[in-house]
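2 protein chains.
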Amino acid sequence: MVRIMSFDRLQKKIDEMRNPTVVGLDPALEHIPPDILRKHVTEKGESLEAAAAAVVEFNMGLIDSLCDIVPAVKPQSAYYEALGPDGALALKATCDYARSKGMYVIIDAKRNDIGSTAEAYSSAYLGAVTVGGAEFRPYDADALTVNAYLGSDGIQPFIDAAVKYDKALFALVKTSNPSACELQDMLIAGAGDAGAPRTVYAAVGDLLESISHHTIGEYGYSRVGAVVGATYPEEIEYLRARLHHTFFLIPGYGAQGGSAADVARAFDENGRGAVVNSSRAIIAAWKKTGSDYKESARLEALRMRDELQSAIL
Amino acid sequence: MVRIMSFDRLQKKIDEMRNPTVVGLDPALEHIPPDILRKHVTEKGESLEAAAAAVVEFNMGLIDSLCDIVPAVKPQSAYYEALGPDGALALKATCDYARSKGMYVIIDAKRNDIGSTAEAYSSAYLGAVTVGGAEFRPYDADALTVNAYLGSDGIQPFIDAAVKYDKALFALVKTSNPSACELQDMLIAGAGDAGAPRTVYAAVGDLLESISHHTIGEYGYSRVGAVVGATYPEEIEYLRARLHHTFFLIPGYGAQGGSAADVARAFDENGRGAVVNSSRAIIAAWKKTGSDYKESARLEALRMRDELQSAIL
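In the order they appear, the protein sequences are chains A and B. Residue 635 is where the first sequence ends in our numbering, and the numbering goes up by one at each step. Residue 635 is where the second sequence ends in our numbering, and the numbering goes up by one at each step.
Keep in mind the hints are simulated off the structure, nothing from the lab. Incorrect hints may appear among the rest.
Remember, identical chains collapse to one label, so a pair may be satisfied in a single copy or spanning two.
DSS-like mimics (lysine-lysine), calculated; alpha carbons at most 30 angstroms apart, straight line [stated by the list, open to error]:
{"no.": "1", "residue 1": "K486", "residue 2": "K366"}
{"no.": "2", "residue 1": "K366", "residue 2": "K414"}
{"no.": "3", "residue 1": "K414", "residue 2": "K361"}
{"no.": "4", "residue 1": "K334", "residue 2": "K414"}
{"no.": "5", "residue 1": "K616", "residue 2": "K414"}
{"no.": "6", "residue 1": "K616", "residue 2": "K486"}
{"no.": "7", "residue 1": "K361", "residue 2": "K609"}
{"no.": "8", "residue 1": "K423", "residue 2": "K335"}
{"no.": "9", "residue 1": "K335", "residue 2": "K361"}
{"no.": "10", "residue 1": "K366", "residue 2": "K335"}
{"no.": "11", "residue 1": "K423", "residue 2": "K610"}
Sequences are here, hints too, so could you generate the full structure?
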């Protein structure tokens, strides 16, 4: 069997659906229609278990409604962890269901640690764990977000797992939040390339390219992508021009202020190499429309697809 | 009831036991005595559930054996996450048991995200979650490790939760791994203080001090500590002299190469303000001694305590 490299699979799905969107499954309880939560609370009492069951029902409805028009989902681990061990079950159920519907699954967990501990994280989310003679895939995502502050030996175990299990990762380069500048925009002493000093985030991007060139796939992108916030369009353009082999995950579109024109800069000359996240605007669209959450999510996802298509292509 | 600030509680325990040690509960399966794992596999089959049950039994034995001589434990989340949802149950059971034995619990998860997502993480590990009219504490640690790459607005929700629930955090400043230098040691352009350029890690440390001064407790330390690796003793000394209100968590002692003399530099003139982690050397001491894992862990913890005492006091 010929294996198609992880990001190539994502890109093919994006091409087929003409939609470079990933839907963020960030099920804060206030985003879930009250009747769903109420039903599970009635069954199980006021409990984290009831909340987790509501999350799974909510996510399954979203996935059913979106899987033929959106190529990927990105569960944000924090909202599952906030429900304790029941939340971990909900995360797993969500990933399993999305995969069963053919969606590419990015777990957004921003994990980071050293050596053997980074290896344990990569086994959890991308790889496998062995108990006795049996192998288990705890979460089995297609890709994981990571934080590169610890340097290359903290990233390497994730790359090794990505190569072994045909997965991918996205490391934080330039995040979408207002304080991103505090550390990420600091200028490094000494001349960078072309005599101009480099920022910390550019140095992180360069580091990612330098340790991943052996993993480049069909479309020219390596298994190590970068998170670059839609809220910083000039930085997106700068990084797109600088990081030729780095697939971009772009948060911050919509609710946080990034426009379609802003995120269009993340794409290469073939309209490839990036995927744009939207969470709240899609999953909580029902709050604005006042109608069914699944239908509301689908309409917003179609609107976003059309907006991105006209900005990019 | 007078609340004693989180790090003051830790420091009082350290003073009482004359032992600034935190034991890292990093239960990689190869560190668990084979008979424990075998017992649970026999009962439950080769499964993540069996592995998680073995982890809980192993940790409870360690906690029983150490709780009167060691003030704190630090479960490393990665090893629990690697067992999927069963691992989340094992993490919770471990935290609950350690707390019931009076130990200070630091969950080492190096979490990081923006705004409402960082809030969800802080609810999970330090705070509470509300379902209907009921409040739950998913993991209820005393402290959490975080990664500051996203800047102050990514840290603020953790500080808010720490203040509200009387908890604390440790942010990564200078990690213990070989690649730590790649990003953390970069020199920032322009004169820092005293005309010398600052490193990125010093800038992170400065940032932590600047956003936490309103949380300083009885011993002069704020609720925002720093992770500083034992493997970089000169940097420990530099940071101790620089960050007057920052409690240090020191990994890298022992197995990674940091000596007692190295870590002694993390303590203030009163022998306070830091806690030193040891994981494998204590929890897997049975591999060297060939005898009971609980007794072996206790002997190694006593040896470390005595070594630290003579280096520090």
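Hints versus structure:
Within a single copy, K486 and K366 get their C-alpha atoms only as close as 41 angstroms, which misses the 30 angstroms cut-off; across copies the closest is 29 angstroms, which meets it. Taking identical chains as interchangeable, the C-alpha atoms of K366 and K414 lie at most 30 angstroms apart whether they share a chain (20 angstroms) or sit on different chains (21 angstroms). For the homomeric pair K414 and K361, the shortest alpha-carbon distances inside one copy (22 angstroms) and between copies (27 angstroms) are both at most 30 angstroms. In this homomeric assembly, K334 and K414 come within 30 angstroms of each other (Cα to Cα) only inside a single copy, at 25 angstroms, whereas the closest approach across copies is 41 angstroms.
For a Cα distance limit of 30 angstroms, the shortest separation of K616 from K414 inside one copy, 21 angstroms, qualifies, whereas the shortest one across copies, 34 angstroms, does not. Taking the shortest Cα distances, K616 and K486 never come within 30 angstroms of each other, neither inside one copy (36 angstroms) nor across copies (37 angstroms). Proximity of K361 to K609 under the C-alpha cut-off of 30 angstroms is restricted to the intra-copy arrangement: shortest distance 19 angstroms within a copy versus 51 angstroms between copies. For a Cα distance limit of 30 angstroms, the shortest separation of K423 from K335 inside one copy, 13 angstroms, qualifies, whereas the shortest one across copies, 52 angstroms, does not.
Proximity of K335 and K361 under a CA criterion of 30 angstroms is satisfied in neither setting, with 35 angstroms inside one chain copy and 46 angstroms between copies. Proximity of K366 and K335 under a CA criterion of 30 angstroms is satisfied in neither setting, with 39 angstroms inside one chain copy and 40 angstroms between copies. Taking CA atoms no more than 30 angstroms apart as the test, K423 paired with K610 passes inside one copy only; the shortest distance there is 27 angstroms, against 49 angstroms between copies.
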